[in-house]
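Engineer: Sequence:
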Amino acid sequence: MPDRFHGSFGRVIGALLTFLFVFAPLVVAAGGLSPMTPRLAAAQAPPAGPVIVLLQPNTNAAQLAALARIQPNFVYANVFSGFAATLPAAAIEVLLRNPRVLSISEDVPVQAAEQIVPAGIRRIGATSHPGAAIDGVDSRVDADIAVLDSGIDPTQPDLNVIGGYDCILDDNVDSYDDNYGHGTHVAGVAAAIDNGSGVVGVAPGARLWAVKVLDSGGRGTLSEVICGLDWVAGQAGTIDVVNLSLTGGGVDGACADNAFHQAICNVVGAGVPVVVAAGNQGIDAAGTIPATYDEVIAASWFSDFDGAPGGLGSQPTGCSTSSSVDDAFAATTNYGPDIDIAAPGTCVLSTERGGGVGYRSGTSMAAPHVAGAVALIRAANPGASPAAVRASLLGMARSQEAAGVTGGRAGSIEPVLTLGVTGGAATTTPSPAATATGTSTPSPTVTATGTSTPSPTVTATGTTAPSPTATATLRPTTATATSTATPLPPTATRTPAPTPVATQPDATATVGPGAALPIVAGGQASGATVAARAYDGSLSTTWYHRASPAPAESFVSFDLGSVRPIGEIRWVYRISGAADAFAIQVSADGASWTTLANRGNSAASVWQSLTVATSGRYVRFYYTNPGRDTTLGYLAEIAIRGPGASVPATATAPLPTATKTTVPPTATVI
Numbered sequence: 006m007p008d009r010f011h012g013s014f015g016r017v018i019g020a021l022l023t024f025l026f027v028f029a030p031l032v033v034a035a036g037g038l039s040p041m042t043p044r045l046a047a048a049q050a051p052p053a054g055p056v057i058v059l060l061q062p063n064t065n066a067a068q069l070a071a072l073a074r075i076q077p078n079f080v081y082a083n084v085f086s087g088f089a090a091t092l093p094a095a096a097i098e099v100l101l102r103n104p105r106v107l108s109i110s111e112d113v114p115v116q117a118a119e120q121i122v123p124a125g126i127r128r129i130g131a132t133s134h135p136g137a138a139i140d141g142v143d144s145r146v147d148a149d150i151a152v153l154d155s156g157i158d159p160t161q162p163d164l165n166v167i168g169g170y171d172c173i174l175d176d177n178v179d180s181y182d183d184n185y186g187h188g189t190h191v192a193g194v195a196a197a198i199d200n201g202s203g204v205v206g207v208a209p210g211a212r213l214w215a216v217k218v219l220d221s222g223g224r225g226t227l228s229e230v231i232c233g234l235d236w237v238a239g240q241a242g243t244i245d246v247v248n249l250s251l252t253g254g255g256v257d258g259a260c261a262d263n264a265f266h267q268a269i270c271n272v273v274g275a276g277v278p279v280v281v282a283a284g285n286q287g288i289d290a291a292g293t294i295p296a297t298y299d300e301v302i303a304a305s306w307f308s309d310f311d312g313a314p315g316g317l318g319s320q321p322t323g324c325s326t327s328s329s330v331d332d333a334f335a336a337t338t339n340y341g342p343d344i345d346i347a348a349p350g351t352c353v354l355s356t357e358r359g360g361g362v363g364y365r366s367g368t369s370m371a372a373p374h375v376a377g378a379v380a381l382i383r384a385a386n387p388g389a390s391p392a393a394v395r396a397s398l399l400g401m402a403r404s405q406e407a408a409g410v411t412g413g414r415a416g417s418i419e420p421v422l423t424l425g426v427t428g429g430a431a432t433t434t435p436s437p438a439a440t441a442t443g444t445s446t447p448s449p450t451v452t453a454t455g456t457s458t459p460s461p462t463v464t465a466t467g468t469t470a471p472s473p474t475a476t477a478t479l480r481p482t483t484a485t486a487t488s489t490a491t492p493l494p495p496t497a498t499r500t501p502a503p504t505p506v507a508t509q510p511d512a513t514a515t516v517g518p519g520a521a522l523p524i525v526a527g528g529q530a531s532g533a534t535v536a537a538r539a540y541d542g543s544l545s546t547t548w549y550h551r552a553s554p555a556p557a558e559s560f561v562s563f564d565l566g567s568v569r570p571i572g573e574i575r576w577v578y579r580i581s582g583a584a585d586a587f588a589i590q591v592s593a594d595g596a597s598w599t600t601l602a603n604r605g606n607s608a609a610s611v612w613q614s615l616t617v618a619t620s621g622r623y624v625r626f627y628y629t630n631p632g633r634d635t636t637l638g639y640l641a642e643i644a645i646r647g648p649g650a651s652v653p654a655t656a657t658a659p660l661p662t663a664t665k666t667t668v669p670p671t672a673t674v675i
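First residue of the sequence shown? That's 6 in our numbering, and the numbers climb one at a time after it.
Worth flagging that the hints you see were computed from the coordinates, not collected in a lab. Misleading hints may appear alongside valid ones.
[Claimed, not checked] The calculated label-pair distances, taken between Cβ atoms and stated as ranges, are:
hint, residue 1, residue 2, range
1, A259, P387, 27 to 35 Å
2, S531, G632, 30 to 38 Å
3, S531, A396, 55 to 63 Å
4, G287, P62, 17 to 25 Å
5, G528, R102, 44 to 52 Å
6, S531, A385, 49 to 57 Å
7, A602, A520, 42 to 50 Å
8, S614, S221, 34 to 42 Å
9, S531, Q68, 48 to 56 Å
10, L317, G287, 20 to 28 Å
11, A385, L72, 44 to 52 Å
12, S614, G287, 21 to 29 Å
13, S620, P387, 45 to 53 Å
Think of the CB as a built atom: it goes at the ideal place given N, C-alpha and C, for glycine as much as any other residue.
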């Protein structure tokens, strides 16, 4: 799991509205490589600034950086050994002479590519797939989908969001919530709940992991995307499929040719299939990454407006698209032998942040159709290898001719995603019930040459207005005409997240055996986030202490209001690896402390407990830092209970373990 750092070095984000994956040449360390390591092509050193340093396997990246007096932005430990940092030219030259350094590449800006049963869900046959069981009754697919995107809105009632990870630097927020919208839409295509309201996804109700690699403007950096892949590699026993609706310029090669390709290869090597967007530049995907990589499943897109072949559908009201021919490939979809499969991607209706639904178009929407299909395959065949999943997926797919899809470019031989019987009686896909004017949200990617062609902004009445002109090398790939429909209510099976207990309790009240003890206030070390983040009833907020240089110690404390008998203390970490050593302490006055137990790191998302027979007003977690980590804690929630405490079913950690224990409904509302 990546260790995030917020040093004095910031990201370099240009004014580009692009998802830029144009790799700088990689550099081989002058000291040479071990005989066991593939040799990389020598090239020019990257310029001073943000870089990604790939190290020999099993190298302690944090230690190497510390010895070089480098403050990393990220340290990678799962997907490969390495780190990201902003460095002057002199530091880069020094690193190149270190035999533990395999390569150094430039870290560059990135950006997104962009209960009605949506047409695409019907078109691929998901409604007749027994594993999907789409019937308006909430029965959820037992699979885990990691969406590497702008986050996911955890309050969207049509999504089963149970956890995630935030890889965004410099936003001063430790949350995987989506404040851009792209990731929430992608997530709904893959796994919106089949609950009789809103929309439904390909793998209804599958567990969604929001891995946030794009910020509120849809921008990020390559190092942040690799951070997300590093997190996935650390959760490989849990995650069934990765969706990466991001594209950029580049070519195929060996895994070791660059850090991004190496990260993709290692995630797939750990047993997790990776589904990616083909890109929307209208070019051969041989010039598009990651679609050109052999290890991924790349999805192109075609238009489908009525859920059936025949070319009789018309684009729905409220969606603006240049791809207006039903059952035809979009003119802007990338093509060629590197593309594995085609899926619907025009005017796709899916979930939007803040509630409601909206339309978007692009390979960003095609990819999650495929990711949902992979989730169905993995749910029926737990542990199936990425190669077996690919074979099953392509074995069910139909040729373009048999599926009734036209307009493919020369070299477009990819089959069409098919899960069951397609077609049948076409039903009208109504526009979202709008209460206000919708807006267009273009999500551009980079093309090698050319000018941008933004889709127009669409209002609820169909009036269009041109989007602002973008930089000359941009082309939008997702366009939104999102209506601000009334947020959908939770289903009957959803239990709201526990109400924060920061209010002052009745001083005369008695607490029964095993009852939760209200926390009325909290305290924390100077420089740490507020203690309330650990008792606010939300798993999307965490308490942590981040500093540079690394803090020697830290603490977070919880006030029960008065001296109370205590029978059990429970806690859960959102991220592991940032709590090497801590003492659990109790105090009656906040001045004199008694240590009840000493603990260390535990698996993320797994509740820990300590049974005690004591009393006190204050409980404190006191951290020391033997590993000199720049971040301590990542404590998601704490619960303090009276004597005789028993663990109710709803106290199960809202993040599944590798054994894929079923998550209770309380975990779905964060």
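Engineer: Now tell me, hint by hint, if it's right for this structure.
Structural biologist: Quick rundown of the hints versus the structure:
no.: 1; hint: A259 with P387: 27 to 35 Å; result: holds, 31 Å
no.: 2; hint: S531 with G632: 30 to 38 Å; result: violated, 21 Å
no.: 3; hint: S531 with A396: 55 to 63 Å; result: holds, 56 Å
no.: 4; hint: G287 with P62: 17 to 25 Å; result: violated, 39 Å
no.: 5; hint: G528 with R102: 44 to 52 Å; result: holds, 47 Å
no.: 6; hint: S531 with A385: 49 to 57 Å; result: holds, 53 Å
no.: 7; hint: A602 with A520: 42 to 50 Å; result: violated, 22 Å
no.: 8; hint: S614 with S221: 34 to 42 Å; result: holds, 37 Å
no.: 9; hint: S531 with Q68: 48 to 56 Å; result: violated, 27 Å
no.: 10; hint: L317 with G287: 20 to 28 Å; result: holds, 25 Å
no.: 11; hint: A385 with L72: 44 to 52 Å; result: holds, 49 Å
no.: 12; hint: S614 with G287: 21 to 29 Å; result: violated, 56 Å
no.: 13; hint: S620 with P387: 45 to 53 Å; result: holds, 46 Å
This entry does not satisfy hints 2, 4, 7, 9 and 12, going by the numbered hints stated previously.
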